[in-house]
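S.K.: Each chain is listed here by its residues.
Number of protein chains: 2
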Amino acid sequence: MRSSRFLIATLKETPSDAEVISHKLMLRAGMIRKSASGLYNWLPMGLRVLRKVEKIVREEMNKSGAMEVLMPVVQPAELWEESGRWQQYGPELLRMNDRHDRPFCLGPTHEEVITDLIRNEIKSYKQLPANFYQIQTKFRDEIRPRFGVMRSREFIMKDAYSFHNSVESLQETYDVMHATYCSIFTRLGLQFRPVLADTGSIGGAFSHEFHVLADSGEDDIAFSNGSDYAANIEKAEALPPATPRPAPQHLLQEVATPGKHSIEDVCAFLKVAPQQTVKTLIVLGEVRADKTQPLVALVLRGDHELNEIKAEKLTGVAAPLTLAPEARIKDELGLSIGSIGPVGLQIPMIVDHAAAHLADFVCGANKEGFHLTGVNWERDEKAPLVADIRNVVAGDPSPCGKGTLEIKRGIEVGHIFQLGTKYSEAMKARVLDENGKEQTMIMGCYGIGVTRVVAAAIEQNFDDNGIIWPDAIAPFHIAIVPINISKSEAVANKSEELYAELTKAGYDVLLMDDEKARLGAMLADTDLMGIPHRIVIGDRGLEAGNVEYKGRRDLEKQEIAASDIVNFLQNRIAL
Amino acid sequence: MRSSRFLIATLKETPSDAEVISHKLMLRAGMIRKSASGLYNWLPMGLRVLRKVEKIVREEMNKSGAMEVLMPVVQPAELWEESGRWQQYGPELLRMNDRHDRPFCLGPTHEEVITDLIRNEIKSYKQLPANFYQIQTKFRDEIRPRFGVMRSREFIMKDAYSFHNSVESLQETYDVMHATYCSIFTRLGLQFRPVLADTGSIGGAFSHEFHVLADSGEDDIAFSNGSDYAANIEKAEALPPATPRPAPQHLLQEVATPGKHSIEDVCAFLKVAPQQTVKTLIVLGEVRADKTQPLVALVLRGDHELNEIKAEKLTGVAAPLTLAPEARIKDELGLSIGSIGPVGLQIPMIVDHAAAHLADFVCGANKEGFHLTGVNWERDEKAPLVADIRNVVAGDPSPCGKGTLEIKRGIEVGHIFQLGTKYSEAMKARVLDENGKEQTMIMGCYGIGVTRVVAAAIEQNFDDNGIIWPDAIAPFHIAIVPINISKSEAVANKSEELYAELTKAGYDVLLMDDEKARLGAMLADTDLMGIPHRIVIGDRGLEAGNVEYKGRRDLEKQEIAASDIVNFLQNRIAL
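If you read the sequences in order, they're chains A and B.
The first sequence begins at 2 in our numbering and counts up one residue at a time.
The second sequence begins at 2 in our numbering and counts up one residue at a time.
Some hints could be false.
No copy labels: a pair is met if it fits in one copy or bridges any two.
Under the rule of at most 25 Å between Cα atoms (straight-line distance), these lysine to any residue pairs were calculated in the SDA-like manner [what the hints assert, rightly or not]:
(1) Lys-314 with Ile-408
(2) Lys-429 with Leu-520
(3) Lys-13 with Ile-123
(4) Lys-124 with Arg-34
(5) Lys-517 with Gln-128
(6) Lys-35 with Thr-244
(7) Lys-127 with Lys-438
(8) Lys-331 with Ile-123
(9) Lys-35 with Asp-397
(10) Lys-124 with Ala-427
(11) Lys-53 with Gln-137
(12) Lys-558 with Asp-221
(13) Lys-53 with Ser-65
(14) Lys-517 with Glu-265
(15) Lys-56 with Ala-506
(16) Lys-558 with Gly-396
(17) Lys-488 with Gly-335
Calculated directly from the structure, the hints in this document are not laboratory data.
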């Protein structure tokens with residue numbers, strides 16, 4: 002491609018409404034433009050990347066044996082009523098009526114449509130397993146779309162749905178999809194991790210998220226340094242301490258802590274480490290027959306964070322997890338937040354393993370302005386109900402039994418999921434089994450956020466000068482930057498020659514042939530746009546038979562013999 | 002692809018709601034399934050064809066220098082308000098409010114979005130011309146979706162929009178697009194014609210439609226047998242007769258024609274040819290200052306059809322063309338339809354060239370139950386205002402001056418259009434010209450109905466057994482049909498060997514490896530699915546070293562040496 006015939010829409014200034022680096026750089030590099038809140042136009046530069054991601058996803062999905070289909074963006078309400086989601090889904094589901102006043106929605110996902118399609122096409126266990134995918138536009142009416150295409154309203158997903166007559170068959174396809182996703186993200190050139198994920202309210206045996214690792218990621222991921230265990234922190238199990246609880250050494254004391262409510266303040270005041278304290282959170286319990294919700298206390302070590310996903314699965318705790326209103330705590334317990342502790346607390350209490358393992362700890366005294374020190378379970382308060390309710394932290398032993406955990410941040414770009422019969426049961430998607438009996442199909446689903454991958458790749462690969470694309474998804478592999486193309490015939494000729502040769506060798510090459518562009522601006526643009534390989538061609542180099550090469554991550558440029566440059570690049574860029 | 006791993010969803014029966022052959026065959030061949038009225042799922046077999054069409058369109062568009070972009074399906078109302086189309090567009094524009102109650106629509110077309118995008122990106126004449134295209138989902142809420150994907154509500158279009166600073170530049174890009182469309186439809190393997198089309202109310206110098214020729218087409222296209230002139234019948238000019246009008250031979254007579262109103266009845270009764278009669282249609286004229294609409298008479302030869310597009314462009318006639326209500330004709334003229342004629346009619350009258358060329362003709366007597374014979378212009382009624390207001394018919398002289406016209410039927414699959422400044426003016430899409438002065442950009446637009454092409458290809462290529470795909474867009478080039486694959490090792494081996502060889506040679510091959518399928522059913526399926534080349538492999542043939550080949554259009558099958566079949570196919574199928 003010649004820059005003179007391509008819309009290079011780079012911006013010097015960062016648009017003010019962009020919060021994250023990928024959004025800033027996608028705007029600055031001329032990849033996307035906003036059409037309305039959460040709706041983006043893909044400019045030619047951005048679309049080249051998107052299409053490369055799509056191509057890799059499609060090739061690997063085909064290789065896995067999945068069959069590509071295409072389902073409509075607009076979906077009839079009646080299918081969503083069958084599955085029950087027409088009522089369950091909130092305002093993220095954009096609903097509309099057609100000219101005949103029939104209700105439809107824009108599909109945020111296609112479980113209903115595929116289940117409807119397949120229940121009519123697949124009638125026998127002999128046709129199973131079968132896995133269908135599409136790469137299609139989705140719409141989710143986010144309350145606050147942001148971060149560019151990272152959380153837009155309209156986006157492109159690869160979604161796949163598999164159908165089975167046994168859980169073993171589901172597991173097989175699930176494993177194939179796991180391997181396929183690993184191939185996809187490897188081919189995309191991204192550092193990623195498949196991590197165990199929570200299966201949410203749907204249940205099902207397994208769910209894995211695929212995360213692109215990036216410091217700016219929204220999710221914390223726990224890894225073992227001694228195995229390939231990795232889990233979303235929502236899901237990662239905190240093992241109970243392996244040693245017995247130490248014996249009490251101190252007497253229970255009530256100490257005045259005037260105005261000290263936070264763990265931080267109390268620790269500083271009493272000169273103890275947060276690890277030697279516990280904090281008590283009051284949440285709402287499960288709704289009772291009389292429709293009241295009792296209060297429940299959750300007790301954690303002072304330095305630990307509550308894991309809401311774990312907590313809301315506890316017996317007796319309401320899901321979604323809801324902190325008790327301060328007024329109710331005041332009314333029913335006569336206490337204010339920051340003075341609560343487990344000793345003598347007259348409501349059900351669940352204590353995290355780590356908090357339950359402490360001896361001689363500090364906690365609120367259930368009396369405004371006072372804390373207890375030297376507290377010991379069993380001696381000062383009866384042995385509590387213990388559970389895993391905290392987020393793991395770096396240094397925790399890995400739940401796999403090998404090594405300790407590290408925490409990194411990730412951006413979720415894929416999710417594979419054993420759906421079970423949630424949709425097939427509700428929508429009566431059945432086949433005849435070996436004995437001619439009707440059997441409900443078992444389903445899996447497998448998503449990749451195709452547009453999101455583009456943003457995540459940038460979050461992982463950028464520097465102060467702009468994007469740094471992996472070769473596999475770069476809009477152009479190579480930029481040829483001629484110095485004074487309009488004045489030097491030698492430069493013009495060599496640029497054209499290399500452009501032709503490298504294009505013929507199969508590379509996507511951007512020839513910066515705009516006669517009026519300045520060298521500095523061209524170099525800044527190729528850096529900003531993230532083109533991974535750059536050749537500068539000038540008279541001075543050519544006199545010595547050389548061109549100048551710089552990889553986008555290189556600190557130094559190199560002089561390469563012009564006669565050798567194609568070979569040199571072929572050794573660096575795998576197609 | 003192996004049939005055992007592919008969803009072959011052929012149907013023996015034709016679904017009752019399919020009216021046209023392409024819809025029937027797409028359902029029967031397992032290409033599409035209806036999700037809701039006008040919304041279709043593309044099954045794997047259908048999607049393979051759709052993707053091949055897309056690929057050819059994309060490659061040729063890229064070759065033309067157009068840049069691919071991707072604009073959102075969901076569009077903000079404010080852009081449509083800027084162009085004025087939010088008010089103009091009818092219920093085909095599916096409108097909705099998002100969760101914040103802001104109005105949006107599903108894009109039936111993207112002029113507003115691209116004009117908004119480009120007015121912000123292109124600021125100087127130096128960046129022009131530029132042509133942007135996308136292949137994207139559109140939605141048009143048809144009042145009565147039908148004919149499967151031929152007139153569905155959700156469909157895929159390739160739409161392109163070009164921007165210019167002069168009409169000469171627009172004409173250049175328009176010509177490139179014309180040539181590109183010819184390349185696309187040629188590569189698709191379709192018989193097509195670019196035809197001059199009406200530019201509608203937008204004006205503009207030129208518009209061409211691209212029609213796939215098919216007897217079932219909705220449009221009539223007029224061709225010259227002496228040149229490459231072709232035009233939609235809406236647009237094709239009927240030349241005035243080249244000879245002078247014959248002199249009157251008969252006297253004017255009033256004859257009783259009791260109960261005879263139609264041309265057919267009158268001709269039979271009076272024993273004259275329709276060519277010797279005229280018919281008079283009463284339509285509404287342009288709205289006057291006092292908001293009344295006068296009646297206007299349009300006079301045609303009895304055998305000719307009114308061309309509404311031509312008629313509504315006449316001075317003094319209202320657009321869209323509207324027949325006058327019978328009651329008004331009765332009230333104001335005291336006449337009923339079927340008795341009206343030009344002689345003595347007291348309203349403005351416009352007469353088609355052919356009707357104005359008649360001598361001694363028959364027409365209504367403006368008196369219930371009577372007609373006039375031997376009528377002559379100038380002698381019996383003053384010389385009328387004459388214009389071209391009829392559809393051309395086969396045998397008319399071609400307006401290009403060479404040859405006579407033939408009429409064929411076509412399916413419109415593409416349309417190229419010189420838009421001018423309709424959108425750029427309304428939306429203030431301006432650039433700075435050579436003198437630093439603001440100039441409104443001039444636009445062109447260029448569409449191809451990608452999903453429609455698939456249906457049109459079938460309307461042109463089918464027989465009693467099913468679809469007959471052109472090689473270029475066939476879901477599979479070749480079907481390998483083994484006889485008794487589960488019983489004969491020789492058959493199984495040769496089938497696998499050929500499958501591997503032909504796949505390696507670059508062909509898309511369907512190996513019918515389902516062990517339980519019967520030969521007859523497999524042959525019927527490959528015919529129905531339209532696979533253009535078929536190899537049957539059986540023990541008997543193999544004993545003689547042969548396999549059996551049949552092209553989808555061939556009447557006879559042939560025995561080909563197994564050792565030669567790859568070579569044989571390479572000579573028949575160009576990749």
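S.K.: Determine for every hint whether it applies to the structure shown.
M.R.: Checked hints:
1. Lys-314 with Ile-408: Answer is within: at 23 Å inside a copy they meet the 25 Å cutoff, but 73 Å across does not.
2. Lys-429 with Leu-520: Neither way: Lys-429 and Leu-520 sit 65 Å apart in one copy and 34 Å across, limit 25 Å.
3. Lys-13 with Ile-123: The answer is between: 16 Å across copies meets 25 Å, while 55 Å in one copy does not.
4. Lys-124 with Arg-34: Intra 46 Å, inter 16 Å, cutoff 25 Å: inter-copy only.
5. Lys-517 with Gln-128: Classified as between: cross-chain Cα gap 12 Å, same-chain 62 Å, threshold 25 Å.
6. Lys-35 with Thr-244: neither (57 Å within a copy, 63 Å between copies)
7. Lys-127 with Lys-438: Result: close within a single copy only, 13 Å intra versus 71 Å inter.
8. Lys-331 with Ile-123: Result: close neither inside a copy nor across copies, 59 Å intra and 63 Å inter.
9. Lys-35 with Asp-397: neither (44 Å within a copy, 54 Å between copies)
10. Lys-124 with Ala-427: Intra 17 Å, inter 55 Å, cutoff 25 Å: intra-copy only.
11. Lys-53 with Gln-137: both (15 Å within a copy, 17 Å between copies)
12. Lys-558 with Asp-221: neither (37 Å within a copy, 65 Å between copies)
13. Lys-53 with Ser-65: both (18 Å within a copy, 21 Å between copies)
14. Lys-517 with Glu-265: Result: close neither inside a copy nor across copies, 61 Å intra and 73 Å inter.
15. Lys-56 with Ala-506: both (20 Å within a copy, 21 Å between copies)
16. Lys-558 with Gly-396: Classified as neither; 41 Å inside a copy, 73 Å across copies.
17. Lys-488 with Gly-335: This pair counts as neither: shortest intra-copy Cα distance 86 Å, inter-copy 84 Å.
The structure shown violates the earlier hints numbered 2, 6, 8, 9, 12, 14, 16 and 17.
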